[in-house]
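With these hints in hand, go ahead and build the complete structure from the sequences.
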Amino acid sequence: MTAISRSGAGRGVAALVCGALAAGGLAAAGVAALQPGEAAASSHREAPLISGTPQYDTTDLYAFVSPDRPDTTTIIADWIPFEEPAGGPNFFPFAEDAQYDLRVDNDGDAREDLVFRYTFRTHVKNEKTFLHNTGPVDSLDDPDLNVTQTYTLELIRLENLRAVSRTKIADRVPVAPSNVGKASMPDYAKLRRQAVHQLAGGARTFAGQADDPFFLDLRVFDLLYGGNLSEVGNDTLKGYNVNSIALQVPTHMITESAHQPVVGIWTTTQRRTAKGGFTQVSRLGNPLVNEVVNPRQDKDVFNASTPRDDARFLKNVTHPELPKLIEAIYGIEAPAEPRNDLVDVFLKGVEDLNQPPHVTPAEQLRLNTSIKPAKRPERLGVLDGDTAGFPNGRRLTDDVIDVALQVVEGELVGAENDLGDAVDANDREFEKAFPYVALPTEGSRGPLAQGTSGDADVRSQLGDALRPAGSAGDDTPLIAASAGAGAVGVLLIGAGLAWWRRSRGRAY
1 MTAISRSGAG RGVAALVCGA LAAGGLAAAG VAALQPGEAA ASSHREAPLI
51 SGTPQYDTTD LYAFVSPDRP DTTTIIADWI PFEEPAGGPN FFPFAEDAQY
101 DLRVDNDGDA REDLVFRYTF RTHVKNEKTF LHNTGPVDSL DDPDLNVTQT
151 YTLELIRLEN LRAVSRTKIA DRVPVAPSNV GKASMPDYAK LRRQAVHQLA
201 GGARTFAGQA DDPFFLDLRV FDLLYGGNLS EVGNDTLKGY NVNSIALQVP
251 THMITESAHQ PVVGIWTTTQ RRTAKGGFTQ VSRLGNPLVN EVVNPRQDKD
301 VFNASTPRDD ARFLKNVTHP ELPKLIEAIY GIEAPAEPRN DLVDVFLKGV
351 EDLNQPPHVT PAEQLRLNTS IKPAKRPERL GVLDGDTAGF PNGRRLTDDV
401 IDVALQVVEG ELVGAENDLG DAVDANDREF EKAFPYVALP TEGSRGPLAQ
451 GTSGDADVRS QLGDALRPAG SAGDDTPLIA ASAGAGAVGV LLIGAGLAWW
501 RRSRGRAY
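Using our numbering, you'd call the opening residue of the sequence shown number 1 and step up by one each time.
Everything labelled a hint here was simulated from the structure, so no lab data went into it. Computed from a prediction, not measured in an experiment: that's the story for all the values here. Note that beta-carbon positions come from the ideal geometry of N, C-alpha and C, so glycine has one too. It is possible that part of the hints are untrue.
What the hints assert, rightly or not - Simulated restraints on C-beta separations:
{"#": "1", "residue 1": "259", "residue 2": "201", "range": "17 to 25 Å"}
{"#": "2", "residue 1": "424", "residue 2": "197", "range": "28 to 36 Å"}
{"#": "3", "residue 1": "318", "residue 2": "161", "range": "39 to 47 Å"}
{"#": "4", "residue 1": "162", "residue 2": "234", "range": "47 to 55 Å"}
{"#": "5", "residue 1": "162", "residue 2": "276", "range": "16 to 24 Å"}
So this is what it looks like as structure tokens:
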């Protein structure tokens, strides 16, 4: 595949709005028919059932040859969309009744050959406090970190879908906690480093909170970006976090052989049922498939399905809804159907790039592990001649919204276009080494209290926040007001108890 030249100007209004349509999965035949709907960003709340259980919702999957260790492959999967950093006191633990799986098909038959399974356990030091931490946290085993999690990692090898071996390759590994804030976790990068665990054979694993690496403009439901595109080009996920699982393994560990280096990868989440078993509730391979390819009636079914049964969704790929919507609204002609070019991208892999021999069509994120990392990655990956990028796997910096939209609009069948959502990079810089994801936004972000600086003591910041604007530095009014409020509280409590005693004999 050759690089495609592009103009910097794009296609103006149509380009921006079409990017919005791809990001949001718009289900309307015209602007007048727009209705409020669920936001979807890759796999953020993409299906009715999973949107109500975010702990089990896989948001994104990435797989790439490690840029700093090219003999290894890194897989990153994210859960729990739209984590508000200040969302305490419980913050965002992994579910204890779930199996978080990374599944690998190394021979192209649409059946998993390897499963890396993560299961989590929560530990609480003091149940008599509501606090997540009772003081500044300096390490993952700090006594002040009241709520912690650990995980077990198993490697399950399968033949014909039957487990032939189970190996516990890590146990009681600490999870990097939610980033409560600068006062609670003054050096969060240190906690991140402590959560990177070395495995046998040069592998590494990590689990913990991270900045959401997916970047796009998702505000399509505000009358198509405010009705006049005044809101376009903003990274909607800026400031939100996710829970990440990252695994880096020697490439030979997951490939069938040196002669067959293509692997297919997807994630699943299984939730424990009332009968004690597990049922699959989430699934993700390529980004955007369950958002803008599958109609609403198939979304929950897809989340509970397996790649070997994907023939049932073939019509959604060969006769996609999105190009018809774009044509109806903006007059950009939809490519002719059936869309066999999309079958290659979403179900088989691109020929001579990441399509395994004798492939069974199935929705997986396919990676040719023999292609070395690019020295200067292009955000549009294969479309711009960078064969180490999406749809050959997916790197954190790949602009999958723009790539997917341009492919859906016919880039691979001669309809060159520069469609996109005007968001070309993440708001936070990614790390240069494993686990690569950016540090999470801290819960204490935002403007400081009046008269303070970033180095000010937290107690003085609290005092300044409580002090009325324009007041002097004397703390007497504040102390007096606090004492008065306390006295009133005591009186109210006493009166309430007296009333309760008198009313015990009433019938209502």
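Hint check results:
1. Our hint of 17 to 25 Å for residue 259 and residue 201 holds, since their Cβ atoms are close to 22 Å apart.
2. For the pair residue 424 and residue 197, the beta carbons lie near 33 Å from each other, so the given range of 28 to 36 Å is met.
3. For residue 318 and residue 161, the hinted distance range of 39 to 47 Å is not satisfied, since their beta carbons lie about 27 Å from each other.
4. At roughly 49 Å, the beta carbons of residue 162 and residue 234 sit within the given window of 47 to 55 Å.
5. For residue 162 and residue 276, the hinted distance range of 16 to 24 Å is satisfied, since their beta carbons lie about 21 Å from each other.
Going through the hint list in order, the structure does not satisfy hint 3, though it satisfies all others.
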